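Go by the hints and put chain B onto chain A.
2 protein chains.
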Amino acid sequence: MYLLGIDCGGTSTEALLTTLEGRVLGRGHGGPANYTVNGVSGVLRSVREAMRGCWAQSGLEEAEAVPQITLAIGVSGAGRPSEQAELTEAFHPEGFTRVVVAHDAHIALLGALSGTDGVAVIAGTGSIAYGIHGERSHRVGGWGYLLGDEGGAFWIALQALRRVMRAYDRRLPEDQVLLEAVKSYFNVVDPSELIPLIYKTPLDRGYIGGFSKTIGTLADQGHGASQEILADAGRQLGRLAVSALAELGLTKTEGRVAACGGVFSAGRWVLVPMEEEIRLAAPRQRLTLPDFNAAAGAVFLAARHLCLELSPVAEGLRESSSHGVARDV
Amino acid sequence: MYLLGIDCGGTSTEALLTTLEGRVLGRGHGGPANYTVNGVSGVLRSVREAMRGCWAQSGLEEAEAVPQITLAIGVSGAGRPSEQAELTEAFHPEGFTRVVVAHDAHIALLGALSGTDGVAVIAGTGSIAYGIHGERSHRVGGWGYLLGDEGGAFWIALQALRRVMRAYDRRLPEDQVLLEAVKSYFNVVDPSELIPLIYKTPLDRGYIGGFSKTIGTLADQGHGASQEILADAGRQLGRLAVSALAELGLTKTEGRVAACGGVFSAGRWVLVPMEEEIRLAAPRQRLTLPDFNAAAGAVFLAARHLCLELSPVAEGLRESSSHGVARDV
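Protein chains in written order, with the working numbering: chain A, 1 to 329; chain B, 1001 to 1329.
These are calculated hints, taken from the structure and not from any lab test. Since this is a predicted model, take the numbers as computed values, not measurements. Among the hints, a few may not be true.
[Claimed, not checked] Interface residues of chain A toward chain B, partial, derived using beta-carbon atoms under 10 Å:
hint, residue
1, 129
2, 147
3, 199
4, 239
C-beta: ideal position from N, C-alpha, C; glycine also.
The shape of chain A in the complex, shown without the other chains (with noise of 0.2 Å):
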C-alpha cells in the first residue's frame, strides 16, 4: 500500500509516492495543470508526466503499484465539487481506485500544518486564506488581481507603482531609491514608459509581482516606504486569515495558521504585522511557516483519505527529506 499525492499548479506539477509511514519512495516532476487552463486532459497529461519520476525513482512497476495506491491530488483552479468530482473520473481509467481530488489551497494547507486542521494564508502572486476544522472549511479572498488579491506579490508591486506615479505627478514627494529600483527591474528610464508595459496584453502579474521580491530587499535595507508597503501587506494577509479563524469558530481555540508563498520571504517585514493582526482577534493562534509543501500535503490529504494516523507520515516525510531523498520538500 502507497500514497500518492500529487500537486498540480499553473506551472508544473509534483507527484510524491510514499509508504503508508511517509517514507518517500519517489518523486516526480511535470507541465502545468491548472484546470480552468489546461482542462481534464491537461492535468492528466502533466500528471502522468510526473507520475513516470514516481515509478523510475522507486524502482516499482507502474502496473502492480497503481492498484495499491491511494491518490490525493490538489488541482489549482478546480475549487468547485463539480470540478473535483470530473477530475475523479478521469483517474479511474488510469487504473486508480483510490482517488481524492481536492484544489491547490488545500493540499497547501495540509502540507503547512502536517495534516491537521487550521488556516493557510498562500501569498504568491496572489492571496486567499484557507481553513479547515472538522468537516468543515472555508476560504477567503483569493478573488483575482480586480477584485482581491491583496497581500500577495502583484498587489505589493502596484503599490510601490502607484507610489511611483503619484511622485511622477508630484502627488508624493519623490523618493529617488524607489525610482531607481523601478527603472532598474522594469528597464525604464522614466516612470512614463511603465505604462506601455504594464498595460501590455496579457497582463504578465508573475513579471510585475517578481518585482516585489525588490521591495523585500529595499525594506532589509532600511527603505521605509518598502516597509511601509510590506507591513501593509502583513495586516491584510492577517486579516484574511482572521476571517477565515472566525468563519471556523478558531478564534478562541489554540492553533496555528500556516504563512505559504512566495511573499513570506520578505520575511519579519510581512509577518510581524500579519501576527499582530491576528493576535489581536485570536490570542491563541500563532503564525507559522510551513512544514511541507504541497505535494507532502497531498501525501496527508491520501493519509487522511485512509484515516491513517498522521504523526507517523510527518515523521516519515521528515526523515525522507533530512536523508536526501526529499530534499526540497
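Structure of chain B alone, referenced to chain A:
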C-alpha cells in the same frame, strides 16, 4: 476666417466649425480617433469624416474654407509633445496652415471653463486632473486602472464588486441590495460567476464601469454602501484637483474647478465630498459643471491660438446652442 475645433476620442470624433465670434456654422461626427489605438492615419480618417459634416451643414466649399481656418484638435492618447508635433505635421498636407494639437484633457478643460485657465477633473471610465495657468500646465493621475484612475467609473464599479466578493466569503455582512444589483447588471445568479466575466480578455472596462451608474441610482434610493463608495470617489477626485491646483500655484487664487465626465451624473453624492476636499486646500476655488463640451474647448483653443478675445466666442457658442444649431454643445 473660421475656427474649427475637433475632439478626437477613443469612441468617436466631433468637429465644430464656427465664426471668429463662436457662431456655429456646422458640426460633424466621425469614428474613433485615439492616437495610441488608431494611429495617425486612424485619427486623420475620423477627422476627415467629422469635417464632412461641417462642410455639409455650413454650405461652405472645403477647398475655399480650409485656407481660412484655424484648426485645433484634442486627441486622446497624444499626451507628449512629439506625438502632438507628428499630428500637427500630418494636417499640413490637408491644406491647413494654422494647426494646434493638444491632448483631450486640455480641450475638455478649455470647454469646461470657456477657455479660461483653471483645473478640470475628468472622470469617465478612468480619471485625470488637468490644469492650465498661464504658460504652465500640469496633469495628475490618469495612469490607468492598475496604477491610477481613482474615482473613475471602473474604480467605482470595482469598489462595489469587491464588497460583494467580501460579503460572499463572509468578510463583510451580506448586502442584499448590492448583491441583487450586481446579479441583475452582470446577469449572474451567484457572485462566483463574476470571476470569468470580470477577467475576460480583453478587459471590458467600459462595460464593468457602466455598473457605476447603478451605484448612483442606489445612492439616490438611500443605499448607504453606494453613498459611501461615491463619497470616496468624490474625495479621490477632489484630491486630484487639489494636487493640480497646488502644483500650478492656484490654491490661494479665486477660480473654478470643472467636474467633467460621466461619473458626475451621480450628482451630489460625488460632488459634495469632492467640493469639501477642494475647499479645505483651496477655499476660493469653486467646483462647477462644464460650460461647454470638449469640441467647443477645441474651438476656444483655436481662438486662443489667434489671441482672440474669448468672451465673444463663448457668447457665440452659447447663442448657437440656445438657437438649436448646436444644441448638444
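Verification of the hints:
For residue 129 (chain A), the interface hint holds, since its Cβ comes within 10 Å of a Cβ in chain B; the closest pair sits about 9 Å apart. For the restraint placing residue 147 (chain A) at the interface with chain B, the shortest Cβ-Cβ distance is roughly 5 Å, inside the 10 Å limit, so the hint holds. The beta carbon of residue 199 (chain A) comes within 6 Å of a beta carbon in chain B, closer than 10 Å, and the hint placing it at the interface holds. Evaluation of the residue 239 (chain A) hint against chain B yields a held restraint, the C-beta minimum of about 8 Å falling below 10 Å.
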